[in-house]
Amino acid sequence: MRSGFPPSENSWTLPFLTGFLVGTLRIGEKPDMNIGETAELGSHVQTLDVERIRADFPILSQQVRGKPLAYFDNAATSQKPQVVIDVLSQYYQRQNANIHRGVHWLSQLATEAYERSRAVVQHFLNARESREIIFVRGATEGINLVAQSYGRDKIQSGDEILITSMEHHSNIVPWQILCEQTGAVLRVAPMNSAGELILSEYRALLGPKTKLVAVTHLSNALGTINPVHQIIDEAHSVGALVLVDGAQSVPHLHVDVQELDADFFVFSGHKIFGPTGIGILYGKGEILEAMPPYQGGGEMISSVSFTKTTYNTIPFRFEAGTPNIAGAIGLGAAIEYVNSLGIEKIAEYESELLAFGTDVLTQFPEVRIIGTAAKKASVISFVVDNVHPHDVGTILDQEGIAIRTGHHCAEPVMDFYDIPATARVSLAFYNTEDEINRLALGIEKVLKVFS
Amino acid sequence: MSLLSDLYQEVILDHNRRPRNYGELPDATSQAEGYNPLCGDKVKVYLRKDGDIIQKVAFEGTGCAISTASASIMTEVLKGKTLRQAKEIFQKFHSLVTGKTDGDPEDDDLQQLLVFHRLSEYPVRVKCATLVWHALHSALEETSKEVSTEQE
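Residue numbers (the working numbering), protein chains in the order written: chain A, 1 to 451; chain B, 452 to 603.
In isolation and in its complexed conformation, chain B is listed as follows (with noise of 0.2 Å):
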């Protein structure tokens, strides 16, 4: 397999021509915007918690293939984690996508994410990818700052 049709996989392709989960949802617990100045991408992320786990995870954008994908597959991923486990998912994305790690073909939480093994070999796409997580994770510190800000 080449490495452009490794990079560029039928699962990105697929999830680049249908997003899951793309649109805003009216019921967010919290949302967080990530822009990336270098290209202009612009992403959305809206967050629907329960407690500590979070039931619905959507979002909106403009955006390549890559990032699109990153984002349609997340939302995927990240439904019915706790808090905590998002986070951890992230760091091993973070960690696979920027080639520090090959990712663990058995760990669970990384099975959707493989597709994005190569991405390591093109330095300038791993922003891509790691937008829409990115604005996840500001999402997750949203829900926290909405606490404090009640409590004020």
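So that you can see chain A by itself, here it is in the shape it has in the complex (with noise of 0.2 Å):
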């Protein structure tokens, strides 16, 4: 709750949000970086036009060891749209101030610009209010956010936190730290061979001592998509909150908080096409409302005395000392980049991708994919008799193909197939089946090497 005095300085940020779609700009000079002029962006992909996509990312032009450059790890990090690299600029040329508590003009302007975007991000996530998005770094310090902030004032010893076989240590370990922190115990619901996660064996898991559920929406080493709509419906019932990892979801998938009524999630900016070191927490109003400060700074205070402080309200308790402005900025742009191409658009042409991808792979007798999950978006993770990942990663680079080779933050994925590394191919709308040819004669040239 608000404290009553003094009057958070951050009321005046409302009218602002309430002028989200028109872009309210109260000074008379309208700025170049009005992220809001991407929507026109929309009108040329009735069916993506990938080339012309493809034009708006400079970096895809470029060639590396000589070849065109064939970008296939965008699980890791996805490339940026020229309208992202632009606003970063044009808010650093033109915009720059710290924000919330000036009274001078370019304050305001990034006062607004970054609250613009937490609005972006909300209408993206469905939330029911602005208030609900936190801005942090990243989906993991979204993940110990609440772990340590909910974790440890509402998880006790012997309470239980389950997660899946499948996830990123970035939802495992913050978890075994809180469970080293309160004497709590992780449970782990197993997958199948396919890279399923196992939904009786996780119904059987759940029970009165369940607190929390911790489960990826989209698996970054396997591709699994995870019917996250049914795990959170039976938490729910056993009176268990849900935080879901969407970090690889966001970029590939219709998300709808209120749709899945996911108490917690989160995502990375950089995964989405928007700058590193920006992520968002999404929390339901009511839990994030009780939850403790996560770190203590600036903004996230009402007032302070050396006897006693009282905490902002929400998002901005959870936001303390100067943000990533820029970042938060640069991320509500990319939203609304991949606004105007159409989330349903994006996930029906990788689908046809994935689709594609897998056969090509698949006619090699010599590559197994990991992971063969009925549900997948993405990605193709695979392996080659014989050849470890990292040789066929370092020869596909030669070829100008980026892909990923190693254990993926997932070593208990690894684990459960019996093997070191894979070799990791993750699409993005930007990729195309002519890249994934050029995929396929790499491939060729690994067997050819080793053979």
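Be a bit skeptical, because a hint or two may be false.
To be verified - Simulated restraints on C-beta separations:
hint	chain 1	residue 1	chain 2	residue 2	range
1	A	93	B	465	55 to 63 Å
2	B	474	A	152	48 to 56 Å
3	A	292	B	553	36 to 44 Å
4	B	486	A	180	20 to 28 Å
5	B	468	A	152	36 to 44 Å
6	A	297	B	558	53 to 61 Å
If you are wondering where the hints come from, they were derived from the structure by calculation, not from laboratory data.
No residue lacks a Cβ here, since even glycine has one placed at the ideal position from N, Cα and C.
Dock the two chains into a complex; use the hints.
Right, here's the structure in full:
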């Protein structure tokens, strides 16, 4: 609850939020970085015009090692459209100021742009209110925030936290730390050999001791789409809250946090064509309101004296210190770019591309795909008989093809399949069938070298 | 010769296919493990020495072609060398793969190791080649530790 006195300086941000769609700039001069302008891009993508989209990403026209770049490492980080790059440089050229407490013009401009991005994210996730959107550094910080704020406040010795066996390290380690701190127990719901969560086992692990379920929406190592709606329903039936790790899902799938009834949802800006160092924690308002601060500092307080400090309302209580203002604004621009293409169209195009890529790779008897869930997106993890993934990666790199090799920060997944690592192709809407055909030629080269 | 065929020379591919001195050394006088957390590669090095002389080196583990070949070639290069020579060769090898030197083709110690000379152009792959050498270094150090343990 907002403390009555002194009145929070943050209350004045509300008029800006209501004006989000029309981009209320009260000053006569309209800055170039009006991110609403990107909506015009939507007109050219009835079905995705991939060649035109690729032209929006300057890095994609580069040559690497003398070959055109084929960038298949989108699950690690995505490339940035020119509009995001422009918004960042224009922010620093024309708008840079600290936010929320400035009476001067630039500070108000920066504040408005920052808060407008919060509203963009709110609409993107279909959150009820913008105060449910917390700017953090990335999905990792979002998870740690929930573990250390909600978790340390509510989780007690003997309570259980339930994750799945396909989680990224960032959705394992924060809970292990919390368990060490509180005496809670970490439970792991297993998956089958296709890389699908075994729902009956998940159900069996849910019980009165389960206080929190943390699950990936889309596995970065396998590409599995988890049935998060069902996972959440069942967790709620035993009174547990659910955190969804959406780091991989938001660039590829439609997300509606109200429809899912997610209690927490996190993602990283840089995986959705935005800058690094910015991400989002969504939390239900009433849950966030009841949570203690995560970090102390400026912005997160209402008033400070040496005898007593009162904390600010959400979202500001969780945004101590000067935030990544440019990053937040860049993320807003990135999401508006995605909106302009349409996430449904993106999903449809990528689904076709994933099927094509899977077909192409399975033509090779030496290639085994790791992660064959019925519902997948974006990711093709694979191993090549008698060739270590690193060697696959280095040879493909010579062809200008960027893939990731290793354990993908999911060592338990590698252990499950009894492999040290995989080669991973992860797609975005700017990838093409032509690039996948080049990948196939690259795999032929790998097989030739190691024949 | 392309960079690729230079990196994956036939010698390297051959050692990868048929690694020499692979497997546990039952009468090892010391051993050490190397682990590259970035890629999950694990290697175990066994060392049998007689006085100051390395009689035999063996290894086992999983890794890429570069790391397997590096381990395999290392076991051959170090056989019969003194502990001090082994450390010197590691230094020379390290300088070679990190691009600090081109490697002297006349240097007998480096003869077999020169196949890795293009590795410096792939900085992320350098650790693949040096992992087993670092493990060997630990094994060499462990020998002295064993001595000190016995003294206690």
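Outcome of the hint check:
no., hint, in the structure
1, A/93 to B/465: 55 to 63 Å, "holds (57 Å)"
2, B/474 to A/152: 48 to 56 Å, "holds (49 Å)"
3, A/292 to B/553: 36 to 44 Å, "violated (60 Å)"
4, B/486 to A/180: 20 to 28 Å, "holds (23 Å)"
5, B/468 to A/152: 36 to 44 Å, "violated (53 Å)"
6, A/297 to B/558: 53 to 61 Å, "holds (58 Å)"
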